[in-house]
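Peer 1: Residue numbers (our numbering), protein chains in the order written: chain A, 103 to 323; chain B, 103 to 323.
If you're looking for bench data, these hints aren't it; they were derived computationally from the structure.
Be aware that a few hints might be false.
[Stated by the list, open to error] Computed list of lysine-lysine pairs in DSS-like fashion (alpha-carbon distance at most 30 Å, straight line): (1) Lys243(A) / Lys142(B); (2) Lys142(B) / Lys170(B); (3) Lys170(A) / Lys243(B); (4) Lys170(B) / Lys160(A); (5) Lys142(B) / Lys170(A); (6) Lys160(B) / Lys170(B); (7) Lys142(B) / Lys160(A).
[To be verified] Using C-beta positions, here's what the derived DEER-type ranges look like: (8) Ala260(B) / Asp314(A): 19 to 25 Å; (9) Asp233(A) / Arg246(B): 39 to 45 Å; (10) Ser169(A) / Val156(B): 31 to 37 Å; (11) Ser183(B) / Arg252(A): 32 to 38 Å; (12) Gln286(B) / Ser169(A): 23 to 29 Å; (13) His289(B) / Pro293(A): 35 to 41 Å; (14) Pro293(A) / Val156(B): 45 to 51 Å.
Idealized CB from N, CA, C, for every residue including glycine.
One letter stands for each residue in the lines below.
2 protein chains.
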Amino acid sequence: MAVAPERRRPIGEGGRPPGTLRPERWNEIVDAAGDVFDEKGYAAARIEDIAARVGLLKGSLYYYIDSKEDLLFAIVDGNHSRGIAVVEQGAALESADPPTRLGAFVDRWIGILSANPGYAAIAERDLRRLDPERQAIVMDKRARIHRFVRDIVEDGIARGCFDAGIDPGIVTNNLFDVLNGISQWFHPARPLTYEQLAEHVRRFVLRGLGADPDASGTALP
Amino acid sequence: MAVAPERRRPIGEGGRPPGTLRPERWNEIVDAAGDVFDEKGYAAARIEDIAARVGLLKGSLYYYIDSKEDLLFAIVDGNHSRGIAVVEQGAALESADPPTRLGAFVDRWIGILSANPGYAAIAERDLRRLDPERQAIVMDKRARIHRFVRDIVEDGIARGCFDAGIDPGIVTNNLFDVLNGISQWFHPARPLTYEQLAEHVRRFVLRGLGADPDASGTALP
DNA sequence: CGGCAATTCAAACCGCGGTTCGATTCAAAT
DNA sequence: ATTTGAATCGAACCGCGGTTTGAATTGCCG
Numbered sequence: 103m104a105v106a107p108e109r110r111r112p113i114g115e116g117g118r119p120p121g122t123l124r125p126e127r128w129n130e131i132v133d134a135a136g137d138v139f140d141e142k143g144y145a146a147a148r149i150e151d152i153a154a155r156v157g158l159l160k161g162s163l164y165y166y167i168d169s170k171e172d173l174l175f176a177i178v179d180g181n182h183s184r185g186i187a188v189v190e191q192g193a194a195l196e197s198a199d200p201p202t203r204l205g206a207f208v209d210r211w212i213g214i215l216s217a218n219p220g221y222a223a224i225a226e227r228d229l230r231r232l233d234p235e236r237q238a239i240v241m242d243k244r245a246r247i248h249r250f251v252r253d254i255v256e257d258g259i260a261r262g263c264f265d266a267g268i269d270p271g272i273v274t275n276n277l278f279d280v281l282n283g284i285s286q287w288f289h290p291a292r293p294l295t296y297e298q299l300a301e302h303v304r305r306f307v308l309r310g311l312g313a314d315p316d317a318s319g320t321a322l323p
Numbered sequence: 103m104a105v106a107p108e109r110r111r112p113i114g115e116g117g118r119p120p121g122t123l124r125p126e127r128w129n130e131i132v133d134a135a136g137d138v139f140d141e142k143g144y145a146a147a148r149i150e151d152i153a154a155r156v157g158l159l160k161g162s163l164y165y166y167i168d169s170k171e172d173l174l175f176a177i178v179d180g181n182h183s184r185g186i187a188v189v190e191q192g193a194a195l196e197s198a199d200p201p202t203r204l205g206a207f208v209d210r211w212i213g214i215l216s217a218n219p220g221y222a223a224i225a226e227r228d229l230r231r232l233d234p235e236r237q238a239i240v241m242d243k244r245a246r247i248h249r250f251v252r253d254i255v256e257d258g259i260a261r262g263c264f265d266a267g268i269d270p271g272i273v274t275n276n277l278f279d280v281l282n283g284i285s286q287w288f289h290p291a292r293p294l295t296y297e298q299l300a301e302h303v304r305r306f307v308l309r310g311l312g313a314d315p316d317a318s319g320t321a322l323p
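Build the full structure now, drawing on both the sequences and the hints.
Peer 2: Spelled out as structure tokens, the structure:
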């Protein structure tokens, strides 16, 4: 998923077959950047830290990037792309009832969190430090994801699955706050796995909307 | 509430009557810092920005502070102190039932948000950038606040007010994620006031816990 | 083996921003 | 007036860290 390095040096400008290039080195670097950004925050993270984590000198990183912000964008945009994927998967369930669809969304979203711990936190924290153009790209994806959830909520209200008194905009925000907040306090281990956590969160959210949390089972294919 | 500047220069070391000192200048500066930190994040915020906002040159700020971090601490710790105050107010309601107590907490917490928009976001975002000692001070307050809510939840479960299947630790975290997330998307205005928002959030949370949101009214004195 | 390209090193550059410090201003007190 | 100290200025300092650049490597291909 990680967006390709895009226009890189003489990557194959007009000549060599684009094979044998930077294979997963790019992913290693993005992962390292993700760890460091998560730990220290984007602004406080040093290029040197990231480079050291993949066994390079800081200057060498610039063979792969044009600026520090490239790494932030790769992470933030990549994470949102995974969110879009979840939405597209969810669209396939349109025949199911709203609680089931929303429950599936929660499960899958937490699945993303478990696969990329820290990334969601970065996306929330440091989105604003992207330049306007890139920020717009991310905001667009974010809006589509948000819209997807809000539509389910509104549909649920219309069908009587959810309480009629709730405000779709507010609860949608609440939902994302709950989901994205998870990565900041949950550490999978001892007592709970991500799957068990998802179960609890799903019930909390569905109940919060006024739905019977037992009426819909996990609907992951 | 804003913690006094502590040990300042020759504030009154052994001489003049400690009157006629920096009165609310300190508060002005902290407020300015709050705005800038909220907008740009602590690391990206410049001392110069803060100084300019109160009509000073950046160097002049050091008459009031010893380091940039002093300002972060003033904001983060101050916000948590207000949280502690809410907890202490809430302790007076111990005779009420758990849903009422929790509802009151939600209302008052959102009251803090409305009075200090942005501060909560800073506290969540940049807590980790305080030095260990100060961080510990804040974490202690945070733990006490967290404990207060969790106790209510556990009490509610024991009394049958809340669903027995919920995990107190998880829902407590979920609750704070919902509350603190508010300051990042909610802009009081057109459609909704903070009071109306609090109403929605209170119902969402209480219902999420399995309680009847209508069983308890707002209980603010 | 020789060569070319992909990759990394090593060192310097350089601007930004936190911090320091002596000089200056202003107001109240003497 | 003169003194005194609070408050601010003005300018320099200085280290950190992002970025640049040209010189090594390394490894593949012929």
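Peer 1: Hint by hint, say whether it matches the structure.
Peer 2: Hints versus structure:
Taken as a hint, the lysine 243(A) and lysine 142(B) pair is honoured in the structure, with Cα atoms around 22 Å apart against an allowance of 30 Å. In summary, the hint linking lysine 142(B) to lysine 170(B) is supported, as the alpha carbons are separated by about 14 Å, within the 30 Å threshold. A C-alpha spacing of about 36 Å is found between lysine 170(A) and lysine 243(B), which places the hinted pair above 30 Å, so the restraint is violated. Straight-line distance between C-alpha atoms of lysine 170(B) and lysine 160(A) comes to about 27 Å, which keeps the hinted pair within the 30 Å bound.
Proximity of lysine 142(B) to lysine 170(A) is assessed by CA-CA distance (about 17 Å); at most 30 Å being required, the pair is judged to hold. Taking the CA atoms of lysine 160(B) and lysine 170(B), the gap is about 11 Å. The hint holds against a cut of 30 Å. The suggested pairing of lysine 142(B) with lysine 160(A) holds, with an alpha-carbon distance near 26 Å, which does not exceed 30 Å. With their beta carbons about 24 Å apart, alanine 260(B) and aspartate 314(A) fall inside the hinted range of 19 to 25 Å.
Taking 39 to 45 Å as the suggested C-beta distance range, the pair aspartate 233(A) and arginine 246(B) conforms, at roughly 41 Å. In this structure, serine 169(A) and valine 156(B) meet the distance hint of 31 to 37 Å, their C-beta atoms being roughly 33 Å apart. Taken as a hint, the range 32 to 38 Å holds for the pair serine 183(B) and arginine 252(A), whose Cβ atoms sit roughly 36 Å apart. Checking the proposed 23 to 29 Å range against glutamine 286(B) and serine 169(A) shows it holds: the Cβ atoms sit about 26 Å from each other.
In this structure the hint that histidine 289(B) and proline 293(A) lie 35 to 41 Å apart at CB holds, the actual value being about 38 Å. Remark: the range hint 45 to 51 Å for proline 293(A) to valine 156(B) is upheld by a beta-carbon distance near 48 Å.
Checked against the numbered hints above, the structure breaks only hint 3 and satisfies the rest.
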